[in-house]
Structures are given as C-alpha cells and as structure tokens.
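J.: Heads up: the sequence shown begins at 1 in the UniProt record's numbering, then just goes up one per residue.
Everything labelled a hint here was simulated from the structure, so no lab data went into it.
Heads up, a few of these hints could be off.
[Said to hold, decoys possible] Distance windows between CB atoms, simulated:
# : residue 1 : residue 2 : range
1 : Leu25     : Phe96     : 32 to 42 Å
2 : Lys39     : Ala81     : 30 to 40 Å
3 : Leu107    : Glu6      : 16 to 26 Å
4 : Glu78     : Gln100    : 17 to 27 Å
A virtual CB, placed ideally from N, CA and C, is assigned to each residue, including glycine.
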Amino acid sequence: CGLPREIAIELFQTFVIRGLIRQHLASNIGVAKNKIREKEPIVWQILQEVMQGHPVLLNRAPTLHRLGIQAFQPILVEGRAICLHPLVCKGFNADFDGDQMAVHVPLSLEA
1 CGLPREIAIE LFQTFVIRGL IRQHLASNIG VAKNKIREKE PIVWQILQEV MQGHPVLLNR
61 APTLHRLGIQ AFQPILVEGR AICLHPLVCK GFNADFDGDQ MAVHVPLSLE A
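With the hints as extra help, turn the sequences into a complete structure.
T.: This is how it looks when you write it as structure tokens:
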C-alpha cells in the first residue's frame, strides 16, 4: 500500500529516531525530533530503510471478517491519501467515497 509521507513519519517516528542516533546523526532524542520536524533529507532516507523491514496493518471499521484487516509492505507516496491496490478493495468494502482506514505498525515482526 502507499502511505503518505506525513502519516509514515508519524507512524515510524520512534524507528527513525533510533536510526538517526545509531548512525550518529543525532546526539539525543531532542536533536533527532528537530531533524524530523525540519524534514531534513536524511530523515526520508532513514524512513525508507525502516519501512522496508516493517509491514503495516490496514483496518477499515467495522471489521466483520478476516479480510477487514490486512498486512501490507508500505511504500512512501506523495499526497494525503492511502493508496490501495484495486484487488484488495472488496475485502475492505472500500468504495472511495470518503472511507476512513486505520494504519497500525507492529513493534516487532513477531507481533
């Protein structure tokens, strides 16, 4: 699925902060948050790396059957809307008339 940059940086903020600190690009959490707030180019590179190893769960309420929540490998997209492949729309009962979806990020692959 395609995740807008604004949503992705909020969801993966803790992972990006950890990446900035591990690569010695930020000395502490405050400095890392400032880099994210200022939308520095390195933040988007780290976000891309982090997203490759973390699937997300998409859920459209009400979840009446098992296809109401599905896992996807996220891809950064421009804009403010979540992008879905047309073949998964039936499972979510999505009809593109203003439907809302929830995006969940498991904290580990085991989760």
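J.: Return the numbers of the hints above that this structure violates; sort them in rising order.
T.: 2
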